[in-house]
Amino acid sequence: MPDPVVPARATCDLRAATPARVALGRSGASLPTGPLLDFTLDHARARDAVHAAFDAARLVAELRELGLAPAEVMSRAVDRGEYLRRPDLGRRLDAASAEVLARTATEPGRLAIVIGDGLSPTAVHAHALALIKSLLPRLAAEDAVAICHVVVASGARVALGDEIGAILGAGMVVMLIGERPGLSAPHSLGAYLTFAPKPGRTDAERNCVSNIHQGGLSYSEAAHKIAWLVREGLAREVTGVALKDESADRAPRRIGTASPGGTESGAKMSSS
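End of the sequence shown = 1114 in the working numbering, gap-free, step of one.
Simulated from the structure, these hints should not be mistaken for lab results. Please note: incorrect hints may appear among the correct ones.
To be verified - Pairs of lysine-lysine residues, derived as DSSO-like cross-links and limited to a Cα-Cα distance of at most 30 Å, are as follows:
#1 1086 - 1040
#2 975 - 1040
#3 975 - 1086
All chains, full assembly: derive it from the sequences and hints.
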């Protein structure tokens, strides 16, 4: 019998290359105490992210400091419990919010940005404002794309952006939303782009820029991808499977922004 092949690198070396739980070891038939406690802590953080309170008023105030004029709306889910039990209610506006938006929709615009709590309000509070700061100058560069409306939505699922965009008459909607928490990333933000939004759009008609957090996509990388998809989606009048993300073929513009891990001077894609 030939000798077994000895791997060039030990399995435990993988731990330095991935947040996945590999090479944890064992104690008898179970995990060692350390990895077991780490798993329990990460599971608790993921649960906490799902049930965290969403401070929409604070976010609205922060956006106003950037010179934006956000509207605040709610879905038909009356509380967090109903939101988690009834995903369908998170995809439709309540009647009062629809009326508020209808009054503000004076004329159609090219782009509406919606910021929703999703399945991780923690992610929205951690990353949405910084991402917006990085995105604004990229949208303003070259053939400037004007933001016609900014909306902060509580109890939101991704598809809520379709109804919001339709009421506002937006050519495209970008939904920034907290993604479903994982054991290695309880605070990951996602961006969903939909051309000609209206109720009934499917995920195949959207582009997604996901994993925006400290261990994933930086703010500048995400902003570069989003801005490219916005421009190309509006120019080609399509998003989703018909619009391939080719933003990597064009180097990001060097615009000073803060990344999830700190400050950088250079600019470096369904859970709800």
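Evaluation of the provided hints:
A C-alpha spacing of about 21 Å is found between residue 1086 and residue 1040, which places the hinted pair at or below 30 Å, so the restraint holds. The hinted pair formed by residue 975 and residue 1040 meets the criterion: a straight-line CA distance of about 27 Å does not exceed 30 Å. Note on residue 975 and residue 1086: the hinted pairing holds, with a Cα-Cα distance of about 25 Å set against a maximum of 30 Å.
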